[in-house]
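S.K.: The task is simple: from the sequences and hints, build the whole structure.
For the record, the sequence lines run as chains A and B. Last residue of the first sequence: number 108 in the working numbering, and the count goes up by one each step with no gaps. Last residue of the second sequence: number 108 in the working numbering, and the count goes up by one each step with no gaps.
Please note: incorrect hints may appear among the correct ones.
Where chains are identical, the list cannot tell them apart; a pair therefore holds if satisfied intra-copy or between any two copies.
In silico SDA-like links for lysine to any residue, alpha-carbon gap of 20 Å or less [claimed, not checked]:
#1 LYS104 / GLU61
#2 LYS77 / GLU99
#3 LYS77 / GLU32
#4 LYS41 / PRO18
#5 LYS104 / VAL38
#6 LYS25 / VAL100
Hints are computed from structural coordinates only; laboratory data are not their basis.
There are 2 protein chains.
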Amino acid sequence: MYIAMNRFMIAPGKEPGFEEVWKTRDSYLEEVPGFVEFKLLKGPVSEEAALYVSHTIWENKADFEAWTCSEAFRKAHKQAKAPDGTYLGHPQFEGFEVLLEKNITK
Amino acid sequence: MYIAMNRFMIAPGKEPGFEEVWKTRDSYLEEVPGFVEFKLLKGPVSEEAALYVSHTIWENKADFEAWTCSEAFRKAHKQAKAPDGTYLGHPQFEGFEVLLEKNITK
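M.R.: Shown next, in the form of structure tokens:
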């Protein structure tokens, strides 16, 4: 299992426009081999910025990397963008391997 | 749903000791109301540090906050610590609400 997260720092007051982009676009992820789950997370908010994280689980890192070169990726990323001034800097990508796991069903 | 993440920056060469602490300690999370899932993630590694993230899902933020004041929390955190020099600074806590979700079973 592999978790791909992108961290977005959003300017104060620009949160609704950012969220709207995610709510209305089609990610085409269901058609992608190895895709398991997508979440959009809203984290800490300060006077300077709000932190959002796109959180996507894949069967493995190779499936994630194949997606970034795919037609589904291209289609998902050519849709509507958030208004100018929404983003404070570039998104910060972080990829993670799962070392340990415990849940209430195991 | 609420996701609590703690970010740990680990000194080069100290990764095995850090991982060992997580593998061997008992978290007592199964007994905690509202606990859903725990993962330990290993992220990007640079010459300066390796990023690890403890990633815990809760039914809601109130259940997470109640846990931090509980006997289970106290027991989990009084166990063996990683060797001196393992941590580069304090862990950075970030809590997240789930705004959107999509997975292969929905």
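S.K.: Now tell me if each hint is right for this structure.
M.R.: Status of each hint after checking the structure:
1. Taking the shortest Cα distances, LYS104 and GLU61 sit within 20 Å of each other both inside one copy (17 Å) and across copies (15 Å).
2. For the homomeric pair LYS77 and GLU99, neither the shortest alpha-carbon distance inside one copy (27 Å) nor that between copies (27 Å) is at most 20 Å.
3. Taking the shortest alpha-carbon separations for LYS77 and GLU32, only the intra-copy value of 13 Å comes in at or below 20 Å, while the best inter-copy value is 42 Å.
4. With identical chains, the CA atoms of LYS41 and PRO18 are at most 20 Å apart within one copy only, with a shortest distance of 17 Å there and 30 Å across copies.
5. Both within a single protomer and between protomers do LYS104 and VAL38 lie at most 20 Å apart by alpha-carbon distance, with minima of 18 Å and 9 Å respectively.
6. In this assembly of identical chains, LYS25 and VAL100 lie within 20 Å of each other by CA distance solely across copies; the values are 13 Å between and 28 Å within a copy.
The structure fails to meet hint 2 from the earlier list, while all remaining hints are met.
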